[in-house]
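*Asks:* Here's the letter readout for the chains.
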Amino acid sequence: MSATRPLPRLGPDNRAFWTGGEVNELRIARCGDCGGFVHPPRPVCRHCLSYNVAPHVVAGTGVIDTFTINYQKWHPAMEVPFVIARVTLDDAPGVVLTTNIVGCDVDDVAIGDTVSVVFEQQDDVYIPLFERTASR
Amino acid sequence: MTGRDAYITGIGQSEVGRPLDRAPLLLTVDAVKEALADAGLAIDQIDGVSTYPGRAPTYLAFSPVGADELIDALGIRATWYAGGGEITSQLGAVVAAATAVSAGLARHVICFRTVYEAGAMQRPEEYAMRRPDRVDGSGQWTAPFNAMSAANWVAQYATRHMHRYGLTREQLAQIALTCSANAARNPRALVRQALTMDEYLGARMISTPLCLYDCDRYTDASTVLIVSAADALDEVSAAPVRIAAMAGSVDRHSWDQAEWMASYATGADLWRHTDYTPDDVDTVQLYDGFSYLALTWLEGLGFCEVGEAGRFIEGGKRIALDGELPLNTGGGQLGAGRLHGFGFAHEAVVQLRGQGGERQVPGDPKVAVASSGGGPLATALLLARD
Numbered sequence: 001m002s003a004t005r006p007l008p009r010l011g012p013d014n015r016a017f018w019t020g021g022e023v024n025e026l027r028i029a030r031c032g033d034c035g036g037f038v039h040p041p042r043p044v045c046r047h048c049l050s051y052n053v054a055p056h057v058v059a060g061t062g063v064i065d066t067f068t069i070n071y072q073k074w075h076p077a078m079e080v081p082f083v084i085a086r087v088t089l090d091d092a093p094g095v096v097l098t099t100n101i102v103g104c105d106v107d108d109v110a111i112g113d114t115v116s117v118v119f120e121q122q123d124d125v126y127i128p129l130f131e132r133t134a135s136r
Numbered sequence: 137m138t139g140r141d142a143y144i145t146g147i148g149q150s151e152v153g154r155p156l157d158r159a160p161l162l163l164t165v166d167a168v169k170e171a172l173a174d175a176g177l178a179i180d181q182i183d184g185v186s187t188y189p190g191r192a193p194t195y196l197a198f199s200p201v202g203a204d205e206l207i208d209a210l211g212i213r214a215t216w217y218a219g220g221g222e223i224t225s226q227l228g229a230v231v232a233a234a235t236a237v238s239a240g241l242a243r244h245v246i247c248f249r250t251v252y253e254a255g256a257m258q259r260p261e262e263y264a265m266r267r268p269d270r271v272d273g274s275g276q277w278t279a280p281f282n283a284m285s286a287a288n289w290v291a292q293y294a295t296r297h298m299h300r301y302g303l304t305r306e307q308l309a310q311i312a313l314t315c316s317a318n319a320a321r322n323p324r325a326l327v328r329q330a331l332t333m334d335e336y337l338g339a340r341m342i343s344t345p346l347c348l349y350d351c352d353r354y355t356d357a358s359t360v361l362i363v364s365a366a367d368a369l370d371e372v373s374a375a376p377v378r379i380a381a382m383a384g385s386v387d388r389h390s391w392d393q394a395e396w397m398a399s400y401a402t403g404a405d406l407w408r409h410t411d412y413t414p415d416d417v418d419t420v421q422l423y424d425g426f427s428y429l430a431l432t433w434l435e436g437l438g439f440c441e442v443g444e445a446g447r448f449i450e451g452g453k454r455i456a457l458d459g460e461l462p463l464n465t466g467g468g469q470l471g472a473g474r475l476h477g478f479g480f481a482h483e484a485v486v487q488l489r490g491q492g493g494e495r496q497v498p499g500d501p502k503v504a505v506a507s508s509g510g511g512p513l514a515t516a517l518l519l520a521r522d
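First to last, the sequence lines map onto chains Z and L.
Mapping of the first sequence onto my numbering: position 86 corresponds to residue 86, and the numbering continues sequentially without gaps.
Mapping of the second sequence onto my numbering: position 187 corresponds to residue 323, and the numbering continues sequentially without gaps.
Here chain Z stands alone, though its shape is the one from the complex (with noise of 0.2 Å):
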């Protein structure tokens, strides 16, 4: 599956998440002056309408709020199965990234387990992937 990701394209933006992962850095958008996480980011505070907004680096640790087995090969080049979950951050309330569970078996994974961050380069992108850290 590696092999054939679709990529981003970058810009002022999303240039931050997605190349965070060069030093190893999950990196959410963040209001300065509320504190609230704007994801996707973007240069307005969706909680309080600053301007001031920018990346912050957060730990990477977090929890599959569920997840999905996909069997389907959308494309001849897709290797099935592999999972595909939606991960809420430990630090970065209301944020949720779509992401894939890797390093397991697929029939490991459930909700509720603790994930932490693994970043997989293709080009100049470093997509963030998630490995299991515990069961519930």
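Hints are supplied without guarantee of correctness; some may be wrong.
Quick partial rundown of chain L residues pointing at chain Z, CB under 10 Å, derived from the structure [said to hold, decoys possible]:
{"#": "1", "residue": "F281"}
{"#": "2", "residue": "Y293"}
{"#": "3", "residue": "L337"}
{"#": "4", "residue": "R340"}
Because the hints were derived from the structure by calculation, they are not lab data.
Virtual Cβ for every residue (Gly too), placed ideally from N, Cα, C.
Once you have looked at the hints, place chain L on chain Z.
*Replies:* Same frame as chain Z, now just chain L:
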């Protein structure tokens, strides 16, 4: 009835197939002609057009015909029109039309949705999807994880429903089984053979817990609804169906940041606009691009408590054609093909007029719900013959 009400006064549908050779513009015109004949209107009485999502140049198969082209092709002189995807899902185009006729901007509006995903595959030179090298916009938050399909996005909500509320595959199966049983009685349906529980449980997985039969199938078709103003009903020969209430919502237009599907907020909001209650509804036509979406609509509209839809449809009797709340009587998208939202309003009108033939809901139904979307966007219509 008030002067501000809007009515569905004509319905039409082209041939439904997979694939069809007929050009999408002609499928659209076929459906328009059927709707005009149904309403007893001539084309020069049409003064508005509304469509979803408008012509889609980067993926033409998804929406090959726009309002501009139809208006010009049929010589329509419009005083109002709209077509776009930034709206609360497919039936948002009907909400827009109803709002326009209520405001006096038009008298008779053609609303249409034309889909051509199967036919397009036969003609890649005309219909190739234009994929950029890199992903922009909201797609960048799912595509890099190979979460390519709405099946993946919807499946995660379904997994959570199972985890929180104990929904089972056998319960979820009742959506697909009910749709296929109804489709078998609909001469225009794509799938004409009723599915069994064993076939459902043995089907290959697409994205857990959704199997092949939890996913609708793309098809080629055009569906048309004519929406008319209350003060224009004397020009119409068909029995008008009143749009008794409308609701739509978007929370976060995102498949991961939104905690719940928009069907919950929209379903609850629908009842704020009417004196009718869920107990008054005789049949529901609920969006089932994926089976699980229809289940969320049952909860969102208040036919059962949140978390209870699995038990509500268990065994399938309650939502069967002769049950207390017949669901997707034309087969829905799971059985009749991906008419993409408009099929639900079309079928609601068929049922309220008593024109369902073999699939007619017994007992002279007078009130129906039609919905589209789920996920981050949702629209609901309450339709009444009153």
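*Asks:* All the hints need checking, so say for each whether the structure fits it.
*Replies:* For each hint, the structure was consulted:
no., hint, in the structure
1, F281, "5 Å, holds"
2, Y293, "7 Å, holds"
3, L337, "15 Å, violated"
4, R340, "7 Å, holds"
Of the numbered hints listed earlier, the single one contradicted by the structure is hint 3.
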